[in-house]
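My request is simple: use the sequences and hints to build the entire structure.
Number of protein chains: 4
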Amino acid sequence: MSLAALRELVCRANLALLEGGLVTGTFGNASGLDREAGVMVIKPSGVPYADLTPARMVPVALATGKVLAGDLRPSSDTATHLELYRAFGCGGVAHAHSEVATACAQARVPIRCRGTTHADYFRGDVPVTRPLTAAEVEGDYERNTGLVIVETFAAGGPSADEVPAVLVASHGPFAWGADAMRAVEHARVLEQLARMDLAVRLLAPDAPAPAAWLVDKHYFRKHGRDAYYGQR
Amino acid sequence: MSLAALRELVCRANLALLEGGLVTGTFGNASGLDREAGVMVIKPSGVPYADLTPARMVPVALATGKVLAGDLRPSSDTATHLELYRAFGCGGVAHAHSEVATACAQARVPIRCRGTTHADYFRGDVPVTRPLTAAEVEGDYERNTGLVIVETFAAGGPSADEVPAVLVASHGPFAWGADAMRAVEHARVLEQLARMDLAVRLLAPDAPAPAAWLVDKHYFRKHGRDAYYGQR
Amino acid sequence: MSLAALRELVCRANLALLEGGLVTGTFGNASGLDREAGVMVIKPSGVPYADLTPARMVPVALATGKVLAGDLRPSSDTATHLELYRAFGCGGVAHAHSEVATACAQARVPIRCRGTTHADYFRGDVPVTRPLTAAEVEGDYERNTGLVIVETFAAGGPSADEVPAVLVASHGPFAWGADAMRAVEHARVLEQLARMDLAVRLLAPDAPAPAAWLVDKHYFRKHGRDAYYGQR
Amino acid sequence: MSLAALRELVCRANLALLEGGLVTGTFGNASGLDREAGVMVIKPSGVPYADLTPARMVPVALATGKVLAGDLRPSSDTATHLELYRAFGCGGVAHAHSEVATACAQARVPIRCRGTTHADYFRGDVPVTRPLTAAEVEGDYERNTGLVIVETFAAGGPSADEVPAVLVASHGPFAWGADAMRAVEHARVLEQLARMDLAVRLLAPDAPAPAAWLVDKHYFRKHGRDAYYGQR
Chain Y
20 MSLAALRELV CRANLALLEG GLVTGTFGNA SGLDREAGVM VIKPSGVPYA DLTPARMVPV
80 ALATGKVLAG DLRPSSDTAT HLELYRAFGC GGVAHAHSEV ATACAQARVP IRCRGTTHAD
140 YFRGDVPVTR PLTAAEVEGD YERNTGLVIV ETFAAGGPSA DEVPAVLVAS HGPFAWGADA
200 MRAVEHARVL EQLARMDLAV RLLAPDAPAP AAWLVDKHYF RKHGRDAYYG QR
Chain X
20 MSLAALRELV CRANLALLEG GLVTGTFGNA SGLDREAGVM VIKPSGVPYA DLTPARMVPV
80 ALATGKVLAG DLRPSSDTAT HLELYRAFGC GGVAHAHSEV ATACAQARVP IRCRGTTHAD
140 YFRGDVPVTR PLTAAEVEGD YERNTGLVIV ETFAAGGPSA DEVPAVLVAS HGPFAWGADA
200 MRAVEHARVL EQLARMDLAV RLLAPDAPAP AAWLVDKHYF RKHGRDAYYG QR
Chain L
20 MSLAALRELV CRANLALLEG GLVTGTFGNA SGLDREAGVM VIKPSGVPYA DLTPARMVPV
80 ALATGKVLAG DLRPSSDTAT HLELYRAFGC GGVAHAHSEV ATACAQARVP IRCRGTTHAD
140 YFRGDVPVTR PLTAAEVEGD YERNTGLVIV ETFAAGGPSA DEVPAVLVAS HGPFAWGADA
200 MRAVEHARVL EQLARMDLAV RLLAPDAPAP AAWLVDKHYF RKHGRDAYYG QR
Chain D
20 MSLAALRELV CRANLALLEG GLVTGTFGNA SGLDREAGVM VIKPSGVPYA DLTPARMVPV
80 ALATGKVLAG DLRPSSDTAT HLELYRAFGC GGVAHAHSEV ATACAQARVP IRCRGTTHAD
140 YFRGDVPVTR PLTAAEVEGD YERNTGLVIV ETFAAGGPSA DEVPAVLVAS HGPFAWGADA
200 MRAVEHARVL EQLARMDLAV RLLAPDAPAP AAWLVDKHYF RKHGRDAYYG QR
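Chains as they are written, first to last, in the numbering used here: chain Y, 20 to 251; chain X, 20 to 251; chain L, 20 to 251; chain D, 20 to 251.
Derived by calculation from the structure, the hints in this document are not laboratory data.
One should not assume that every hint holds.
No farther apart than 30 Å at their CA atoms in a straight line, the calculated lysine-lysine pairs in the DSBU-like style are these [what the hints assert, rightly or not]: (1) L/LYS236 to D/LYS85; (2) L/LYS85 to X/LYS241; (3) D/LYS236 to Y/LYS85; (4) X/LYS85 to Y/LYS236; (5) Y/LYS85 to D/LYS241; (6) L/LYS236 to X/LYS236; (7) Y/LYS241 to X/LYS85; (8) L/LYS241 to D/LYS85.
In C-alpha cells, the structure reads:
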C-alpha cells in the first residue's frame, strides 16, 4: 500500500471515530500500519477532527518512532500504538473515549461476554489492565501503557487476535484489527457491548454467562476456516 | 404480490432497521413472506446496509430453504426465520441487536408489560426462550433457534399473534408481524418498551403491574373486531 | 383566533411532539382550544406524523365532543383532553409517550422537584394519578382518564396552573399550557426533568429536596406579577 | 478585541451550548469578557436560541453591572457571571442545564475524577457548593450564587484555574475558561464526565480513584510549562 493510500485510510478511520460518537473535541486517535514498509501513520496531536486531511496524517517509523515526513507532531499516544504493533499481528489501532467503555475502564470492570452480539466479535471478556505504577507513569508513560496492554494478554486467556480490545485501568479503551477501519469498527462495537453489559448488570446482576459452545458458535461463524457468515 | 414488490418491501424494511437505530454494521435482518407463492425474501448475509438494494434481497423457498435466484447467500439466520413462518401466521420477521432489548435477552429477563404503551402492541410480557443445549447449538443451530422460539409460545400464555416478539436467551430479540415493515415496527417499539421497563426497574423494583382490564382495554382498542383506534 | 389559525397551530404542535422525540409511530397527540368559540382542535386518530396537515386536524365541540367538520375521526384520547379543558383554564393539551416520563407513570413515582430547572416550570412535584378502577376502564375510559387527572389536582397541593402536567398511573404523561405549543413545551421539559430525577435517584437516593424558598424564587422569577426573566 | 468581535464570539458560544445538547428552550447562557475594557457581553434574557444574533448580545460593565448598549435585558444570571469574572482570571463563563451534570448538582454529589479523560481537563473532582440560605436567595440571589461559587474555591483544594467548573447545589453546572468558547467546551466535557461518573457508580460503587501521579500526568500533559499535547 502506498503512503498516500495509508494516509487516506487512516484519515477516514479517524473521521469514523468522530462519526461513531466515540470521541469529542480532539480526544482519541486511530492509526494504520504498513508492516512491510515499517511505517505507521497516525492522527496529529491535538488537531480538531474538522481539520483532519490525509496530508496531515503523520508517518512514523515502526522501529524507532521517528517522524518520517511533515511538520506536525504525531498523537501523544503514538508510543502506545507502536508497542501494540510490535507485539500483536494487527494492522490498525484505535483509541476512543467512548462513554460507557471508558466508564468500565475507570470502574476497572471487564466488558463481559454476556451474549452472541459480543461473541460475534470478541471470543471472551474484554479485560482491564493493571494500573500503571508511579515509575511507569513518570517514566516513558505512553510506551509503558502499550507494554501493560501487551502484558495483559501475555497472562493467558484469549489472545489479542481473539479479543482485539482492552480497557486500560482509569484510562479507556484501545482496540485493534486488520487495518485502521477494522480497529475503529471494533472500538464502535465495544462501546455498544459496554452499554449492553451495563444494562445487563442493572437488570440482573447475577445473570448467567452464555455457554461456551454458544460463544464459540458465534465467534467461529464469523472467524477462521469454517466461517459461514457473509459472502464468499 | 410480485417478487419484485416483495424484494422492494423487504429492502425498505431492512433499511428501516438501520434508520431506527436497531442495528449497526451488518448486524440484524428482516424478511417478508409471500405465503401463497411459498417464497420468503431476506437480507443477504454480511452485506453492509449502505449496499442493500431490492435486487440484492435473496428469495428462498419456504418449504426447503433453497435459494431461488441470484448469487448472494441469504442471511445466516435464514433457517430461524423459516421456522417462524412455518409455525406462526405472520408475513414478516425482523431480528435486531437493539441495545436494551438485547440486554434483556442477555440478562434473561422478560420485557414486562408495565403500562399502556406496551399493551397497545403486546398483550402481555415479551418472554425469554430457554437457552439452547450444546446439541442444539452444535447441530442445526439457526433452525433450532427458531424451534426454541416456537416452543416458548407453545408452552401456553399469550399466543404469538398477541405477543409478536420474543427474546432468545443470551442472544437477542426477534419480532414478527403482518409484513416485513410491521415486523420492524414491532422490533422498534420493543426497544422502546425495553428502555421503559429498565427505567421502571430502576425507579421502583416492586411497581405493580397494570390491571388486566387496562391491558386488555388498550390491546383491544387497537386489535380485533371492536378496535376503535385509527381511521376506518 | 380563526379555525384555520388554530388548525395550523395544533398541527405545528403535533409535529413538535415528534421533533422533540416525545412520540414514535402514531403515539401521542396535542390539541388546542378556542375557548370563546367553544372549539377544540386535535390530531386525527392513528394518522402517522408524516401525513399530518392543518386541514387534517379535527375540530370538536368543547361542550358535546361532536366532530364539527371533516371525515377524519379525532384522537382516541379526545375525551381526556375535553375534560382537562373543562376543569382547567388551559388553552392547549399534549399527551406524550416519552421514555422516562412514561416509565415514571408506569412505576407510579412522581417526578420530584429536585432543583431549579424543575422549579422554572413546575412549582412542586409532578403527581401520579390513582389507577382507574375496572368500572372506569370498561365504561367511558378516555373521559374517566380526564376525570381522574382532575381529581388528582382537586386533592390539594399545587394547582393545575402551578404544575401543568401529570402522570396517569400505568399510562403516561399529559401536559397543558396557555396554548398547544406551550403544552408541548411542558411535555418536552417534563421528559428532561424525568431523566434528571432518575439520575438523581441513582446518584443519591436520599438527596435533600431544594428549600421551598429556592423553588419559589425560580418559579416566580418566571411566573406571575413579579417575574423578571425574559424581555418585557 | 473590539466589541463587535466579542459579541460575535459570545453569540457563537451560546449557539455551541445549543448544538452541544447542553441546553433546551431558553435555558442556559454564555458570556465573554474584555477585561481591559471592563466589558462583559452576555446572552439576552429569555430569547430563544434560534433568534440569537451578535447584535442581540448585551454588553454590561464589569464594575457596575450596567447595560452599556441596546434595549435588551441581559441574562437573569448576569450577576453570577460578573462575580466569577471579578474573582477568577477567566475570560468566558457558561451556564448549562445539561442532563447528568445538573442531576449531580441536584443530588449534591461532586463529579469525581475517576480517570484520565477527566484529568485531561480538570485537576480533581468538580465540587458542589453549599446550598444558599433563605437570606441569600431572597436578597441579591444571582450575585449570591456567584459569591457561593467563589467561596467554594476559597475553601482550599484545587484552584478555579485547575478545576474550571462547579455544581451549584440544587441548581446546575457553571464552567469557565480563557474565553467564551473554552467555557462552553468545559461545560460540554463536564456533561460527558458526569455521564461517565454516573456509569462508574453503577458499575462499581467502590471503584478506586486513579493515582495522583496519573491525574497529574494527564493534567500537565495538556496544561502549563511542560505540556506536550497538541502542536506548538
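Practice task
Given the hint that L/LYS241 pairs with D/LYS85, test it: the Cα-Cα distance must not exceed 30 Å.
Solution key: holds, 22 Å
Exercise for the section: Starting from Y/LYS85, check that the Cα of D/LYS241 is at most 30 Å away, please. Expected result: holds, 22 Å
Exercise for the section: Starting from L/LYS236, check that the Cα of D/LYS85 is at most 30 Å away, please. Expected result: holds, 23 Å
Handout entry: Pair hint outcome, L/LYS236 versus X/LYS236 [Cα-Cα no greater than 30 Å]
Key = Distance ~44 Å between L/LYS236 and X/LYS236 Cα, so the pair is violated.
Exercise for the section: For the pair supplied as a hint, D/LYS236 and Y/LYS85, confirm whether the alpha-carbon distance does not exceed 30 Å. Expected result: Holds, at roughly 23 Å.
Exercise for the section: Verify the proposed pairing of X/LYS85 with Y/LYS236, using a straight-line Cα cut of 30 Å. Expected result: Between X/LYS85 and Y/LYS236 the Cα gap is close to 23 Å, so the pair holds against 30 Å.
Handout entry: Y/LYS241 paired with X/LYS85 [C-alpha distance capped at 30 Å]
Key = holds, 22 Å
Problem - Straight-line alpha-carbon gap L/LYS85 to X/LYS241, limit 30 Å - result: holds, 22 Å
Violation of the numbered hints given earlier is confined to hint 6; every other hint is satisfied by the structure.
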